[in-house]
Amino acid sequence: MPDMTVVRRVGFLVAAGALSLWPAALWADATQLSPSYSINESQIGGIGDNGSQSTSYSFKPSVSDGGSTLGDSFTGNSASTIYQINSGFNTASSPTLSFSVTSSSVNLGTLSTSVVRTGTATFNVKNYTSSGYVVQVIGAGLTSGSHTLSALSTDTASSPGTEQFGLNTVFNTVAGVGANPVQNPAGFGYGVAGDGATGTFGTTRPYTIPDKYRFVSGDTIASAPSSSGETDYTTTFMANISNLTPGGTYQGNIIFVATGTF
Amino acid sequence: MLLKYIKYELERLHVGVWLGVAAVAASLLVPMTASAAGQITTRSVTPSTSAGAATGVTYTSTFTLATSAQTLGSIKVEICDSPLATTACSASSTSGVNSNGASFSSATLTSLTGAGGGAFSASTKTGASTSGTSFIFTRSASAVTGTPTLVLTIGNVTNPTGVNQAYYFRISTYSDTAATTPSYPGTDFGAVAMDTTQSVTVNANVQESLTFCVGTVATPANCAAETGSTVNIGTGTDNILSTSPSGGISTMLASTNASSGYAITYTAGNLSSSSDTITAINGGSGTKLALPGAGTAAFGINLMSNTAPSITNSAAVAGSGTGVASTNYATTNQFAFVPATATTMASAAGPTVSNTYTVSYAAQAGATTKPGAFTTTFNYIATGTF
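Read top to bottom, the protein sequences are chains C and L. With our numbering applied, the first sequence covers 1 to 262. With our numbering applied, the second sequence covers 1 to 386.
The set of hints was computed from the structure by calculation and includes no laboratory data. Note that beta-carbon positions come from the ideal geometry of N, C-alpha and C, so glycine has one too. Each hint should be verified, as a subset may be incorrect.
Unchecked claim - Examples of chain C residues toward chain L, derived with CB under 7 Å: (1) 103; (2) 104; (3) 108; (4) 114; (5) 115; (6) 118; (7) 153; (8) 157; (9) 159; (10) 162; (11) 254; (12) 257; (13) 259; (14) 260.
What the hints assert, rightly or not - Where chain L lies over chain C, by a calculated footprint (3+ residues, C-beta under 8 Å): (15) 130-138; (16) 229-241.
Unchecked claim - Calculated from the model, a selection of chain C residues having no Cβ within reach of chain L, i.e. all distances over 12 Å: (17) 184; (18) 197; (19) 201; (20) 204.
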């Protein structure tokens, strides 16, 4: 009797395998796409099914085998400039974008004409099934009454005595503040400081040049080119004043906006 | 009995296999019209702010249709707790508000471009009672060319109330104007994950500043270089004031970050000895005037370079600041002096870097001026208006 059961399952699998030829062409949740077909979350491996079932069969592990890790020997992400693969069969079907700003305020203290003032804020981003994300910074800068500290429109070094306000997202060697983006856990995050495209990281790319600061509302200060594990960012705010900077309490609401492309 | 059962099972299996093959063949012959929609690609939504509970937020969505040349009569967008078309958006008890607090109830269509054909207009907003908040845009149905990329901008959206609240923006397209054909999720469908977060408040203080110093150093570089508190206006080592005019100088530096600048006033009594007084020029009216002819006593000041009398190191206002001398103290060889009354002699109208003021003191004794040691003390005050 047990042998009969095995035989019946073989027959079932043959039929189901044939059926799977057709749905691949119609259920087009495409990450691989051509004019004539598309495959949702395309899989590479020997047991490539993520829960196919009908009224008469099922590849869904929880249904047919009572397990949830069928073929799921490891997970991870492989990527190059033109492709990426999320490994593992039980990947989530939902797009996700998790964005958390972990600092609600930054106090730069009393500004000075002779000493630069800095402060840091942190945020983290992770996303899934997307073509990456960008984080933009939005705000009016630091304002007191009718006066707004001069925002740096280009990446500029701190110059005490000159009115300046800016930020960056890398470690600053001169001021000794800030941090480069940290992948958490290491090897699974792909987030970078800056927009990932303009100029060269660390030398000409906005917001990535150590000890140079900039603030243009709407600029991209961080990004990832693909699905990414958590990347932890540290933003360093810098301010200087001149003799003419009006006295007062300066305040600015800085908004970070993360946009995923799916 | 066992052999008979085995034979029966094999025959049944045989039939079963063929039935399976037949089913496969049938499935290949009959096009499947499953309700699966095409997957909208390269889709994103950028809010003008991601702050939780923010109102008046502008959402800009860019997305590329999947089904080529589809007939497009309406587009529906939703804010949901799930990205899955098979999962209904959860509702709240408040009409037009999603369970996470998001709402299109006040939203407006700013623009929807890229589809070609007729223009879209805002249509139905669905309340929360059945499917959460949603917004439909319609136009006269027409086919798009290929798979265009559309840009949708919606104004006045209300973000979910939570901080670090994950939520999803769904997009679906339909061939009719009621967003019902084909049935949900329509011709094409795509979801975008979004997340609210807190803003960062950056605080800093700038102290009110007024730098002002007085001394007797000619052209001091800064206040640190300023020293001295006595000005001799006579001549020679004995500092003799004669009936011929003579004078001396003091200097001041002033700067401020006061929004309305500063004013410098002086207060001083008459130039007097224990037994006599050198009359203030022009009767002490404060109106500028050249020193009178020899034999008439007079005392006055200005902020200029002077030649009559020739006063060593006298100079006009210097420096890159915006400070200026008052009218009655701004004419070469003309002087003014108001005794015992605070009088403004210089000012700046706004925040300014440093100016150097050189005060020239000019005097002459009269024919009947009694001998003695004449002196007066000037108190200078700079007042910033912030």
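Taking the hints in turn, this is what the structure says about them:
Checking residue 103 of chain C against chain L by beta carbon gives a least distance of about 6 Å; that is within 7 Å, so the hint holds. Interface restraint check: residue 104 of chain C against chain L, minimum CB-CB distance 5 Å, threshold 7 Å, status holds. Because the smallest distance between the Cβ of residue 108 of chain C and any Cβ of chain L comes to about 4 Å, under 7 Å, the interface hint for this residue holds. This hint is violated: residue 114 of chain C has a C-beta 12 Å from the nearest C-beta of chain L, more than the 7 Å allowed.
Hint status for residue 115 of chain C relative to chain L: violated, with the closest Cβ pair at about 13 Å, above 7 Å. With 7 Å as the threshold, the beta carbon of residue 118 of chain C stays out of range of chain L, its nearest partner Cβ sitting at about 11 Å, so the hint is violated. Taken as an interface hint, residue 153 of chain C does not check out: its beta carbon lies about 18 Å from the nearest beta carbon of chain L, beyond 7 Å. Taken as an interface hint, residue 157 of chain C does not check out: its beta carbon lies about 19 Å from the nearest beta carbon of chain L, beyond 7 Å.
For residue 159 of chain C, the suggested interface contact is broken, since its CB lies about 16 Å from the closest CB of chain L, more than 7 Å. Interface restraint check: residue 162 of chain C against chain L, minimum CB-CB distance 12 Å, threshold 7 Å, status violated. A least Cβ separation of about 5 Å between residue 254 of chain C and chain L falls short of the 7 Å threshold, and the interface hint therefore holds. Given the 7 Å rule on beta carbons, the hint for residue 257 of chain C holds: about 5 Å separates it from the nearest Cβ of chain L.
This hint holds: residue 259 of chain C has a C-beta 4 Å from the nearest C-beta of chain L, less than the 7 Å allowed. A hinted interface residue such as residue 260 of chain C counts as satisfied when its beta carbon comes closer than 7 Å to some beta carbon of chain L; here the least separation is about 6 Å, so the hint holds. With a cut-off of 8 Å between beta carbons, the stretch 130-138 of chain C has 4 residues touching chain L; three or more are needed, and the interface restraint holds. Using a Cβ-Cβ cut-off of 8 Å, 4 residues of the stretch 229-241 of chain C lie near chain L, which meets the minimum of three, so the contact claim holds.
For residue 184 of chain C, the requirement that its beta carbon stay farther than 12 Å from each beta carbon of chain L is met, with the minimum near 16 Å. In this structure residue 197 of chain C is separated from chain L by more than 12 Å, as the shortest Cβ-Cβ distance comes to about 16 Å. No Cβ of chain L comes within 12 Å of the Cβ of residue 201 of chain C; the nearest lies about 23 Å off, and the non-interface call holds. At roughly 25 Å from the closest C-beta of chain L, the C-beta of residue 204 of chain C stays outside 12 Å, upholding its exclusion from the interface.
Violated hints, in rising order: 4, 5, 6, 7, 8, 9, 10; the structure is consistent with all others.
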